[in-house]
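If you read the sequences in order, they're chains A and B.
Every letter in the first sequence is one number past the one before it in my numbering, and letter 368, counting from 1, is 368.
Adding 378 to a residue's 1-based position in the second sequence gives its number in my numbering.
Source of the hints: derived by calculation from the structure; they are not laboratory data.
Keep in mind that this is a model prediction, so the values were computed, not measured.
Check the hints yourself; a few may be wrong.
[As the list claims (entries may be wrong)] To give an idea of the interface, some chain B residues facing chain A are shown, with a C-beta separation under 10 Å as derived from the structure:
| no. | residue |
| --- | --- |
| 1 | C383 |
| 2 | G405 |
| 3 | G472 |
| 4 | H634 |
| 5 | G672 |
Glycine included, C-beta positions come from ideal geometry on N, C-alpha and C.
There are 2 protein chains.
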Amino acid sequence: MSGACSGDALKLARAIAREQTVEVPPGVGGEALEARMIGRLESVEPATAMGWDQPRSAPNRHATPHFHAGIAYPLAATGTELTQILNVVYGNVGLMNGVRVVDLTLPDEILSALPGPRFGIGGIRALTGATERPLVGAAIKPLGLSSTELARLAATFARARADVIKDDHGLTDQPAAPFTERVTAVAAAVATANAATGGRTLYLPNITGPVDTLAERLELVAALGLSGVLLSPSLTGLDTMRAIAAGPRDLAVMAHPSHAQSAPGRSEGIAPDVLYGTLYRAAGADMVVYPDAGGRYAWPERACRAIAQRLRSPLGPMRPALPTPAGGMNIDAVDRTAARYGPDTLLLIGGSLLMQKDLEGAARRLVEAAARAGNASP
Amino acid sequence: MSGACSGDALKLARAIAREQTVEVPPGVGGEALEARMIGRLESVEPATAMGWDQPRSAPNRHATPHFHAGIAYPLAATGTELTQILNVVYGNVGLMNGVRVVDLTLPDEILSALPGPRFGIGGIRALTGATERPLVGAAIKPLGLSSTELARLAATFARARADVIKDDHGLTDQPAAPFTERVTAVAAAVATANAATGGRTLYLPNITGPVDTLAERLELVAALGLSGVLLSPSLTGLDTMRAIAAGPRDLAVMAHPSHAQSAPGRSEGIAPDVLYGTLYRAAGADMVVYPDAGGRYAWPERACRAIAQRLRSPLGPMRPALPTPAGGMNIDAVDRTAARYGPDTLLLIGGSLLMQKDLEGAARRLVEAAARAGNASP
Chain A
1 MSGACSGDAL
11 KLARAIAREQ
21 TVEVPPGVGG
31 EALEARMIGR
41 LESVEPATAM
51 GWDQPRSAPN
61 RHATPHFHAG
71 IAYPLAATGT
81 ELTQILNVVY
91 GNVGLMNGVR
101 VVDLTLPDEI
111 LSALPGPRFG
121 IGGIRALTGA
131 TERPLVGAAI
141 KPLGLSSTEL
151 ARLAATFARA
161 RADVIKDDHG
171 LTDQPAAPFT
181 ERVTAVAAAV
191 ATANAATGGR
201 TLYLPNITGP
211 VDTLAERLEL
221 VAALGLSGVL
231 LSPSLTGLDT
241 MRAIAAGPRD
251 LAVMAHPSHA
261 QSAPGRSEGI
271 APDVLYGTLY
281 RAAGADMVVY
291 PDAGGRYAWP
301 ERACRAIAQR
311 LRSPLGPMRP
321 ALPTPAGGMN
331 IDAVDRTAAR
341 YGPDTLLLIG
351 GSLLMQKDLE
361 GAARRLVEAA
371 ARAGNASP
Chain B
379 MSGACSGDAL
389 KLARAIAREQ
399 TVEVPPGVGG
409 EALEARMIGR
419 LESVEPATAM
429 GWDQPRSAPN
439 RHATPHFHAG
449 IAYPLAATGT
459 ELTQILNVVY
469 GNVGLMNGVR
479 VVDLTLPDEI
489 LSALPGPRFG
499 IGGIRALTGA
509 TERPLVGAAI
519 KPLGLSSTEL
529 ARLAATFARA
539 RADVIKDDHG
549 LTDQPAAPFT
559 ERVTAVAAAV
569 ATANAATGGR
579 TLYLPNITGP
589 VDTLAERLEL
599 VAALGLSGVL
609 LSPSLTGLDT
619 MRAIAAGPRD
629 LAVMAHPSHA
639 QSAPGRSEGI
649 APDVLYGTLY
659 RAAGADMVVY
669 PDAGGRYAWP
679 ERACRAIAQR
689 LRSPLGPMRP
699 ALPTPAGGMN
709 IDAVDRTAAR
719 YGPDTLLLIG
729 GSLLMQKDLE
739 GAARRLVEAA
749 ARAGNASP
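So that you can see chain A by itself, here it is in the shape it has in the complex (with noise of 0.2 Å):
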């Protein structure tokens, strides 16, 4: 939040708490209800402390200070629907410039309405078999090639035994690999390929489409017997990601931040921590893919720790998610990032493996490299 002084500061904290709940005037709604209904400020400070997710541009720093403002809005405004405890989070206020949620805390009655992950940590392991060491995922890609060069690549990862196989978040329904054609050829590719190895590689395909395309899709998806799929979760609202996780089907779910338009050091929005680590965990993604640092996002290494920490720190009822590191990671990163989050950890390696001309080796190398680190780690 920022503001030209301390005055301005309450001034502008007192007017949040007010947009994103009655959002009138004083005096309209009368005292008895503005007491029940409006946040209430529990602090405002100056941000002197120069954490990692302050706006990235010195001179305006300077310019404008930035206060943090402790907001706690009742459960009669927020109920326990997600849609609506976004909207009282950030609705209205993402209209205005510097004005961003660093922080949040979701009390006992929503953290139980919500899902959380269904399988969590512990459920992806006993999925795949793999214990004690960071998993491996692979993607699928890219976005034009047919189906059968798709469950050609499936294949090799699977051989490979990679623990996940995730479709590139971009294959959807369109031509050159249409859904049905697709998910089926490649979730056969897969189950060979774990009929030769022994192992239990997932395959988690795209489902992120149209709404009312997604009861089908979720279908066949279970039709086939696979166990989980990829959401972008801000391309379809978070609330259908909750719906999957709340749903009678009983897949685990990977979140891909695609369009999430939440990114370290801005003025705006909502954190990434807050969003990637609390909101998509409480809104049901067992594994949640963001940009590692060191990739071609240049996310600072403070901001990638901080999601990974939420996403596994205790949240009410709610398992742990799997942090899901990815954005070019390099092949021969997997130690360091093993080192950066430990064992607990999905390493997603994406185009610099497809990169490589020997794919089974260099896949095997992956998952070979990451039992390593699992057996390095204290």
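Please build the complex by placing chain B on the supplied structure of chain A, with the hints as guidance.
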């Protein structure tokens, strides 16, 4: 898009075109595939002309020059599903700082696949009977009132012959006014008032909520004989609005920008005129709420005019949508706002109307002012 020099900008533009499609390093996909799937870079130019959508920080502007890049994405990558169109327009680049969508032209294939407004400006005029003048809308609020109190407010506005009454966008299914109870009570109150006045005031209940409640909520809305709904598409996912607009129920949709994270003057995100003006309309909004200049969000007038312009400009076979400026609009500002936008506008007056002692009289004067403004239009 910001880059240190034009060479960097060119490199970044190429990286964006790749990131948003194949998302693999050069060489992986093969030349033929890349030629078919990667966005075609059409232009990279220094953003010398200072448009209204330039980032707001002057020091930053000097430190980091800005460039406009034109990229044409192939239909083979986008397909015609809205989620994937958004993913290509602003997917992974949403995770990068300094990349903003400032313009968007949709091809005929996409324009005919998306619904656009079902009613459009003409259809809303036909529903309300308001011809050739700005329409007047009022909101029932605040959150925390009972269904009976909200119904009483709605009756007052309907007796004053407001054209449209909308739920506050924060009214969902909270205990103070649960969805079914509230919508039933308000619909009945508005119907009674309409019968008394001979008017045709529309009531738009807020159906924003969990995806698995939408069908049921829409069914109630239709069963009550209502003609439209309010939805915050950036909370539910834009595709939910598309599905309603393309669906079997004959309902007009008013879109509210809560959680949309698009505001003027930022270095990231989708510019407000592109998101609210083109994408919300293409996804089926008949009326689009946005913060008006002079209101409490301090948006520049040019940004607001640009939204209205996109809502009413030719867009393939799609009907025009009603600009619905709001957000702290003063009841004395009707003439100014009507002059700013012309008669094809819905003037949404919220809190400042609710502050009036004689609510019905004040609402009536608003409608009269709108009628005068219509007569004064060329």
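Now the hints, each set against the structure:
The closest approach between the C-beta of B:C383 and any C-beta of chain A is roughly 18 Å, which is over the 10 Å cut-off, so the hint fails. Given the 10 Å rule on beta carbons, the hint for B:G405 holds: about 7 Å separates it from the nearest Cβ of chain A. Below 10 Å, beta-carbon pairs count as interface contacts, and B:G472 has one with chain A at about 4 Å; its hint therefore holds. Taking 10 Å as the C-beta contact cut-off toward chain A, the hint placing B:H634 at the interface holds, the least distance being around 9 Å.
Nearest Cβ of chain A to the Cβ of B:G672: about 14 Å, over the 10 Å cut. The hint is violated.
Hint compliance for this structure: hints 1 and 5 are broken, all remaining hints hold.
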